[in-house]
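Colleague: Work out the full structure, taking the sequences as your base and the hints as a guide.
Protein chains in written order, with my numbering: chain C, 0 to 235; chain A, 14 to 300; chain H, 797 to 1424.
It is possible that some hints are incorrect.
[To be verified] List of simulated lysine-lysine pairs, DSS-like, C-alpha gap at most 27 Å:
(1) C:196 / C:168
(2) C:74 / A:169
(3) A:43 / A:169
(4) C:51 / A:169
(5) H:1354 / H:1228
(6) C:74 / C:51
[Said to hold, decoys possible] If you only want the chain H side, here are some residues facing chain A, beta carbon under 8 Å, derived:
(7) 913
(8) 923
(9) 1076
(10) 1080
(11) 1087
Hint data in this document are derived by calculation from the structure and do not stem from the laboratory.
Because the structure is a prediction, the values reported are computed rather than measured.
For each residue, glycine too, the CB sits at the ideal point set by N, CA and C.
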Amino acid sequence: MLEIEDVRAGYGRVEVLSGVTFSVSPGASVGLFGRNGAGKTTLANTVLGLIKARGGDIRWDGRSLVGMRTEDIVKSGVSLVPQSRGLFLSLTVQENLVLSCAAWRLGQREVNERIAEVYRLFPALHTRSNLPAANLSGGQQQMLAIAKALIRRPRLLILDEPSVGLAPKVLEELAAVIQQLRSQNELTVILVEQNIKWSWSMVDEGFILEQGRIAENVRGTVQDAEMAMARHLGVG
Amino acid sequence: MLAIAISGLASGAIYGLLAVGVVLIYRSTKLVNFAQGEVLMLAAYVYWLTEQRFDRLWGVVPVIVVGVILGGLFFVVTHYLIRSTDDLTVVVATLGISLMMINFAQFTWGGTARRVPGWLTGDENVRVGDGVVSMNSLVLIAIAVLATVALDQWFKRTVLGQAVRAAAESPESAALSGLSVRRMRAISWVIGCAFAALSGLLLAPEINVYPHMAGTILFSGFVAAAIGGFGNILGALVGGLFIGLMEGLSTVVVDAELARLVPFALLLAVLLFRPTGLFSGRALRSV
Amino acid sequence: MSGSSRFPSFLRVPAQGLALSAVAALVVVLLDPFQQVFAARVAILIIVAISLNLLISGAGLLSLAGGAFLGMGAYSVTIAAQQFSWPLVVSIPVVVVVTGLIGWVLGIVSIRVSHFYLALTTLGFLTLFQVVLRYGGDVTGASYGLVPPLPQVFGYTLRAQDLAIVAALVASFGVVFARSFLDSRTGLAWRLMRESTVAAESFGVNVTLIRTSAFAWTAAALALAGSLYAFVLGAVTPDSFNLTRTIDQLVYVVVGGLGSVAGSVLGPLVLETIPEVFRGLENYREFFFGALVLVILIASPRGLAGLLSDAWQRIASPRVRAAVRKLGDSGLTIGGQADPGVLLEPLPLGALDGVAAVEYRGVTIAYGGNVAVDDLSFVVRPGTIHGVIGPNGAGKTTALNALTGQVGLVSGQILVNGEVVRSPGGGVPTRKLLRHGIARTFQTPIVIPDRTVLENVKIGLYPFGKSGIIGGTLKPPRVRRSEAEAARRAVAALELVGFEREVSAPVSQLSFGELRKLEIARALVSEPSVLLLDEPTSGLEPEVASEILSMLRGLQAKASRPLTIIIVEHNVPLILRYCDDVTAIAEGTLVASESAATIRHNPEVRRSYLGEQFEMEELEREESQRHA
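Modeller: Here is the structure:
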């Protein structure tokens, strides 16, 4: 269970989040929507400790994450697929995956097992396992980024705008993968997105982040969600 | 002539080893360690002390250990104690440490130069062309090349090496991958200083051990690093070898005094013609 | 504030110099000859430290050529006296000027070079100097150096005490001048340049000129110190001016405290005196010295000055602190005599009738193989507030940066008030924009950190000021009146934006919203005809954002000349509420450009925000249906 309570955070003197509160039940899949600059990425980064929360609390499984180092937060089962994808471009697909397990002194067999698992989910990566990550297409890089996060068998997975820059066909594949993840009961998913239309089929509900706070909690049809978003964008 | 070239390459190998350490530490922490030469010096003293009591072949163990310990100490001081975000301040702190190290050696062991035999080779010399070189200098060059290539491969092929590289290139992505950036930096400091220590072990037989032995060697190391583009350890080694070779040849072609200026001349050349270094593809950021 | 009006303000700086010199001279006289030589050395090191400190933390240039310029002063004066029998009163000024010119050359050579490589370049220069010394034969005495004759002025031989007094005098004036310089128009420009060259250029600072002049002045100051040093040392050798000595100089600056003039006095004082204390422990001197450096830097990253200032804050009461501050400041208060319209160069012309304030014509921008902006054309009507919106990566900021010259055009033109300011070949350089009446703010506010609000707004008038380094430092009446006028206008600009704090507040105390207002005031103070705002409300609470936008609306009524405002923003509701016209951009191309009232219902705009995929899927479906 992820509980975010009155979280404040920002950069330097700028306060981007001014009291964000919401929670996500275990196994649920939610969307975090909002316009540019609303603070979605800031929130994701704050959960992962890349940005220090200045106020409020973030609790995962009852334990407060605030003040913990990012690598420790990751080790406690929280993974973020950042907007920048977080790949090591000079390393191959396989090396990227192995590195993402490196912190856990898993035996070689365990590592191989997990990599095989991930390749089953992303066959395109399997065929390119020796290619440097820099040579992958945008969609494949996104897959690799998600694979890296999954290889740690996280219990909370946050994806920051995975759809950006991807072609429709790739978006379909990506959606299929995320749906598959959703079916795993132990995995809680937070999908941070601007593209509501694409995201809606993958989430149970949506939170709209506006001006540093959660402005609205949306359920229902995709039209409901889009209208809510349009209202907040001011273009509806 | 060949002998001069080899002896030049030997000096160059030392510059290269120092440069490798400097580059490694810089890439990982964005800090320039001005006390790298003093690590070399203290390691040389440790070798001398060991060699007096035990078989000199064992000397490598305490030498590397000293390098590791010093690396750890530097990490602790620069990472935890100095709270300044200003690089210049941290650099000056390493300068303070280097002064302490030199003086420590001075009052502990005195200023007399101590002779030590070559680590693997003792005092043997060998005829080369129409000159003579010490076996140690040949060993020196070989070990420097081997060690650097080994390190380069370690970075490219092992998981830990890749992890250190990754943490240096993108600390955030590394943290998100579950890597401890702190630990990676500590490892870089330790390896960097271990290389400096190794160079102390290899250099000591050539110029003897005394507190100021590092002198201007570190500067040549910086120039070697610049030639390598400050990012590439193989480039740094090649840069060092090149500087050494040029220095050696200059003593024959021109004169010894002028030869001391070779590193500076090469530096100017690099800055004027290839500021990004000969090997790195990295762009030079201007203010 | 009124107390200082009794004393003619233009005499403040010289008076401070004389007062400090008198105190220093008195101290010197009370010492014994051995101590006097020591004092002379410390004074010279103070001069060196101050010069380097200004260069490094004032202008942001890390130079390792300190030893070279110090040595040039020392050697040149010695050679002039020894071999040409030039009297000191002639040789010293000549040496200072010539060395300054050489510094200028070094500045030019290192123009495009960044931090670390700049250090290496200057190091190369130092080496060159060493080569010249060692191979100078009889002229430079090669490795043995030279022995300067006894210093004589008009037949009178200077003794240790005299040298020490002269050195103390120069150092005292150095301290006073340095502090005065840092407050001056040029001093502030140096600091802004250190924060961001783009910001500095946007406010008319000629970055190239400043860098070269920074080098030149530092070289001159070092040469002056060097000429004294020759006589204090009694001999000049290459080893006195080598890399190790240069590094010592840097240690003094950093341990004293980067950015602090007081630190540059403390650094040499403490670091030279304490080892004297350790003299008994001769063998351990360097060890303790190194340990001292380390301990000071661990205790306070801002060096001795930082330690002192923390202690001072804690010990002295606010009143005492204020009194001391007044003693030390160079007197640029607001109450000074201001003469409206006088002593500032004329401000830029305003908008012309019937001509678009800003026009983009077929602007295409590409870099790295990507087309960032493609054939963008739109018009901004004069006297309006014009919003520019678009999703992330749409190219809004790139388009703005093209106007201000950070990015070049592949094709098209940008016109301001009918004049072409940007075209594929080039255009008006960034630093001349303010004179063309174009001012801007930045996505993240860029201010001079340890300065006051007033100083940060005054810098907006930089191109219209009339003082250079000398004028700024000495602050003659002319300069004071010009600064007072600038201050008056700055206060007016702050009032215009509804800034509520005291103008003498340091910017570090400001909230983000207040910083944003300050930036706007800084842009407005030169009465531009076009004001460019880059995401002025990002990071602000909704109330503050609205406040700023409604303030901008009100500005146009209050401004004395037609003011056109262009706002690049993400916050669409605010834009629609406060702007007259809006241009929407997506993926580098124009989506729409119309009045705010109508654009709100524009379906294309809506689509560009809610996702292109929706549209593409529709198209694909239509396509497949057509072929079915």
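Colleague: Against this structure, judge whether each hint is valid.
Modeller: Quick rundown of the hints versus the structure:
{"no.": "1", "hint": "C:196 / C:168", "verdict": "15 Å, holds"}
{"no.": "2", "hint": "C:74 / A:169", "verdict": "25 Å, holds"}
{"no.": "3", "hint": "A:43 / A:169", "verdict": "21 Å, holds"}
{"no.": "4", "hint": "C:51 / A:169", "verdict": "33 Å, violated"}
{"no.": "5", "hint": "H:1354 / H:1228", "verdict": "26 Å, holds"}
{"no.": "6", "hint": "C:74 / C:51", "verdict": "18 Å, holds"}
{"no.": "7", "hint": "913", "verdict": "6 Å, holds"}
{"no.": "8", "hint": "923", "verdict": "4 Å, holds"}
{"no.": "9", "hint": "1076", "verdict": "14 Å, violated"}
{"no.": "10", "hint": "1080", "verdict": "6 Å, holds"}
{"no.": "11", "hint": "1087", "verdict": "6 Å, holds"}
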